[in-house]
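Colleague: Below, each chain spelled out in residue letters.
Protein chains: 2
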Amino acid sequence: MSRIGPAEPWVVREIGLPSDDAGHRQAESLFALANGHIGLRGNLDEPQPSGMPGTFLNSLYEVRDLTYPEAGFAFPERTETVVNAPNGKPINLTVGGETFDLRTGEVRRHERVLDLRAGTLTREVEWVSPGGVEVRLRSVRVVSFERPSVAAIRYSVEADAELRVDSDVAVDEAQPPPRDDPRASAVIEDAFVPVFHDRDLLVHRTRRSGITVAVAVTHLGPEGEIVTGPDRLRWTTTAHGSIAFDKIFAYGWDGLDQRDKARADRDAAARAGFDELLAEQRRYLDDFWAYADIELDGDELVQQGARFGLFHVLQAGAQAGPHPIPSKGLTGNGYDGHTLWDNESYVLPVLTYTHPACVGQALRWRHSTLDQARERARELKLDGAAFPWRTISGPECSGYWPAGTAALHINADIADAVLRYHAASGDDVFMREAGDELIAETAKLWRKVAYLDEEGVAHIAGVTGPDEYTALMDDNVFTNLMARRNLRAAALDEVSGHIAERLAVPYDERRQVHEQSAGFTRLDEWKSFADEDYPLMLHHHYLNLYRKQVVKQADLVLAMVLCGDEFTLDEKRRNFEYYEARTVRDSSLSAPVQAVLAAELGHLSLAHDYLAEAALLDLRAGGESGGDGLHIAACAGAWIAVVMGFGGLRDTGGRLSLSPRIPPRLNRLRFRLRWRGAGLSVTVTPEKVTYQVSSGGIEFRHYGDVVSLNEGEEVTFKLDPIDDRPAPPTPRPPGRAE
Amino acid sequence: MSRIGPAEPWVVREIGLPSDDAGHRQAESLFALANGHIGLRGNLDEPQPSGMPGTFLNSLYEVRDLTYPEAGFAFPERTETVVNAPNGKPINLTVGGETFDLRTGEVRRHERVLDLRAGTLTREVEWVSPGGVEVRLRSVRVVSFERPSVAAIRYSVEADAELRVDSDVAVDEAQPPPRDDPRASAVIEDAFVPVFHDRDLLVHRTRRSGITVAVAVTHLGPEGEIVTGPDRLRWTTTAHGSIAFDKIFAYGWDGLDQRDKARADRDAAARAGFDELLAEQRRYLDDFWAYADIELDGDELVQQGARFGLFHVLQAGAQAGPHPIPSKGLTGNGYDGHTLWDNESYVLPVLTYTHPACVGQALRWRHSTLDQARERARELKLDGAAFPWRTISGPECSGYWPAGTAALHINADIADAVLRYHAASGDDVFMREAGDELIAETAKLWRKVAYLDEEGVAHIAGVTGPDEYTALMDDNVFTNLMARRNLRAAALDEVSGHIAERLAVPYDERRQVHEQSAGFTRLDEWKSFADEDYPLMLHHHYLNLYRKQVVKQADLVLAMVLCGDEFTLDEKRRNFEYYEARTVRDSSLSAPVQAVLAAELGHLSLAHDYLAEAALLDLRAGGESGGDGLHIAACAGAWIAVVMGFGGLRDTGGRLSLSPRIPPRLNRLRFRLRWRGAGLSVTVTPEKVTYQVSSGGIEFRHYGDVVSLNEGEEVTFKLDPIDDRPAPPTPRPPGRAE
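Protein chains in written order, with the UniProt record's numbering: chain A, 1 to 738; chain B, 1 to 738.
For reference, chain A alone in the conformation it holds in the complex:
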């Protein structure tokens, strides 16, 4: 849809203009700039053409009622939906009386560049108006990592004509109609009531959730006229030949001093100036890449996709601060802007090893919602905390409980993220203030929900695991193993310890494979794969999906990745082969996990394929993947596939282990990570691996052997050649082999 140019190492370049609305939506997501606190979709400077407007402030949401055809006890009655905030981006241009609109006239050149090291979106346009005026336009947009509430645009235009710029802050922009897809967002129209307006500031409040938001703006450059009203602030300037200015705007919506905060942040940014904002941005990203970059010599496309993904993971998490990290980051309104389990299970692991400061914050956000999770547990007649399947501010917002509330594993996913973060960071203060309580409260739920049968085996019945093509199953292996970890870490009492050790791990003796959940391998097979059937959930009733052996996304395979020491190598091989044939990857969460286990089992080219699927999912999508926001977990998935897959990183029990290997199509592979303040870089070639410590001291295992390195040291090990095992001989689902 978007015309993304050939792969370049550090930039993503769009050549030409999207040809339709879907293409615009896709490009707006790809070119979104965000810092975790605020996010600007990559809309053009001028309001039209546009796919979907989008200015997102983390946790600026509206409340909506949920109504059910047939409700049940404790079905959530309200949900939260991210709203499109007052938008500081629009810059309208008039050239000799003609509106600058790329749907008219002739577009001679249109190029947008997302620079992953500069942290900027640059746009260059050459356009001839219907009246024949040649126009050159250039803009640079930045959302500051250092100044969480600040965004800025440098805008310049040249043409041999009278030029007029109307630069706006726009409120309640028109929204496209909602898509007919359960993963899409509801549309919130007319979200705001005006509270206050001044020549430099608009203040609004959401109607039901009552959140006040202030946006302060200034224009640095020529003199301009300002017209302001309740729902618009417009700065106008005119000139002949050229106009250039910097637009700097800042938001306030947390706490009680929104106006003062927005104005102060804007003023500080304006005093620093646009060039300094760029310089800060570059320094911030240099620091990030120093510990996060991965290099993949030999696959330029995936190289670009992996960096693009890491950049967006950072954009989603960096300054999320006291708020959650939504599944779409701040790039779109998909999933209503909710955070789901992929935050803890996909995004936080990557940030734990690359940018750990924001992981503690993200988990403190979870902790801040603990009272709501306790209340939900009470409502469900459970103990401890029952964290929501999807939410913005803490309440359960899931409207289909078999694939929502029933996915109790969210509790264990949070505990696992806490354990990982603590092991990798050594942040004991966090544990005392939040982590220990999170682990204890999540564990209490498992102690209550599990029961012992008369043979002394513990069971967890009627829950849904990661695979959403089955639901309400007994003894989901992933859930049980993660609950075991959660219970062990909490060490609540003797009973919970007893349960932890005795939780069932269903195994099919006949087929010699684990059952994803009890009885799964005895279900009917899914026989009717057809290309046009994907994703299956949009073409088949759950009745049909749930009762068959068809797997939406890695579930048992994820258990084998995160709880690898609970399986023998032979079990992993047999299980992987069995589930490969039945996994249709209708979720973007699947490929990264399959990549990791494929790499562990020596299916290196297959792992490479799955890495590519994750890395290119949104960036080079065939369809409109990511139009309503990028798949941030899939963005994280590229790192997971490389570092956990080819790097063999495992952290079970708080110990760092690496088992590097390289797939045939790569010449050299390098990744970096942080571990308790130390920085480690790992360079892998077919023959050897070199570990270099840039700062601090580190101890880890290399293929099981302990390695200790001090700051500045490096060590090289020869690698035994690993035969690239072909993909398992069982056929993968037709249409899902590639």
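Simulated from the structure, these hints should not be mistaken for laboratory data. Just so you know, these numbers come straight off a predicted model, no measurement behind them. Hints may contain errors.
Since the list can't tell identical chains apart, any single copy or any two copies may satisfy a pair.
To be verified - Taking lysine to aspartate or glutamate and the DMTMM-like style, the derived pairs with C-alpha atoms no more than 20 Å apart in a straight line are:
hint, residue 1, residue 2
1, Lys381, Asp531
2, Lys527, Asp383
3, Lys718, Glu566
4, Lys381, Glu189
5, Lys381, Glu525
6, Lys381, Asp371
7, Lys688, Asp720
8, Lys381, Asp533
9, Lys381, Glu532
10, Lys718, Glu158
Starting from the known structure of chain A, arrange chain B on it as the hints suggest.
Modeller: Showing chain B alone in chain A's frame:
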């Protein structure tokens, strides 16, 4: 709530007036008159006080959109809801300028009598107005069984004052707000647009479903003035001292000639006159009771309740004709006026043996919806027909699929009803025209949905059985055994025959009981019974209910009743004991079935208790049971408990078997039934049973021995004494023992 007087054999008498809205709602249901085609709730003659208005025409419904917080593929997007039709009941009275309103003045006497042999509701009132005028009012209401579209009211009033009667047809009456209960109906306000009005007729059309309804009215008696408008027709008469008249009204809403039909039916009824309507009604009911009555000497309360139930079963089914029989009959709008599986599994069996003519009609209605069921099967990627869990005109209207679409057993329930009707009636024409196709199309679904494992065992996975406190289970015994019967009857081909014989019947070897569904007996026990927790579904999330061994309603026990020859007596005993301890009877469908198996196993007093529960559920409810319509299946349940329970009637394989017994608290028990045109009466005492044939010849089994009797013959057998076995020693759920 309603002040129902002491039990009388053939009437239900209310003494005094309900004291609140809930009491009015309850009484309006109890005193509803209906014939299956039209139904009038037992509202007072004057519009107020009132609980809920209700004039129901079978299959006069409006369409509503169903919206889901998170929709899935093939979730129904529309539903149907019964609407309150233009109401011919209201008669306003003014006495010396004062409105006759029983909430004012002094009510000296208020009595309503539902006469189960006359088929009338009679009301007698003595009231003193606030101004001191003494008023005597009497009304008799009838909904004609012989004239399906006709209702009539005989009204007389006496007082020493100027009297004024305004007799209305009222459209779009105000509705009470909806109750917060998933079993309640949606409220359809402003359902009608006016089409036409004349001095004797109103014609309206529903807004979305576009159903035209005409009501024609006439008043026989004194002269009156008529005022009519789009939404009201009012006949007014005045006199001093007394007024008496008959109001006769008729509806037309089927076919294209609604006006002519309503007028013609009204005119024919008016020509016959009110007395003749009463005489017809009495003849119709005499015929009914001759083959349907049950006599229970020694329990006057249950005697009354059982006859009350049978009367309402007849009222629900008699003239349902080309339309379905809703779960609430035409007594209220509960369940949105939908028909569910209890029609085929509870109501039709009773009518099959008591009033078979309307069973063929009811099953022909199912047949008329076959194309919709085929389309639904296609949508679900199944074969044959997938009949809807709940509907009025045929489409699936279930908005919670785990306890709706997943309950595939509805298909087998329909097939079973066809087989029973054919066996009992010998109606081969019906089979050729509808029955054979129903059996074949329902069976095709089972052939598709069942699969064979590598051991050659057939399974049906991911379905919901009768017990709605579990869902999406594998190999529900009831479903599998009923599917087996369906497949055997259809005899589609070798494959389906193979599947039928090999369908799994899960059995727990350790506990020596059948599993309601695979794995059920290994689930956690429900430990926290508390009185205030019932019904559990209104106090516990399904997450909690589904994962535990708590049973809403007879499920495996129903399988043992309907498919008794699939179980040994020992299995039945052990299973019954096991499931008694876990069945909370939160559905009115439970007690009748438990009564039958309890009686079979010799728990005669327990069976009597369950019979009483079914017979008295709505009639002598502690709470507001039945306020939005009677539980017609529970009404049928009294007959089921008596005839299948104490009579031991079984009809497996199309053979009639009886094994009569009598519980200790009864002196004598008599029931009647029809079998292939013959009429059989069965009289049971503790010592003996006497079979008498009133018409036709009949062959049946008495405790396994073949008995053949011709018209007018009778035979008496001594009965071996049956020890009344106490209830199973396992405790029944606390709060659910009585």
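Colleague: Return the numbers of the hints above that this structure violates; sort them in rising order.
Modeller: Numbers 3, 4, 10, in rising order.
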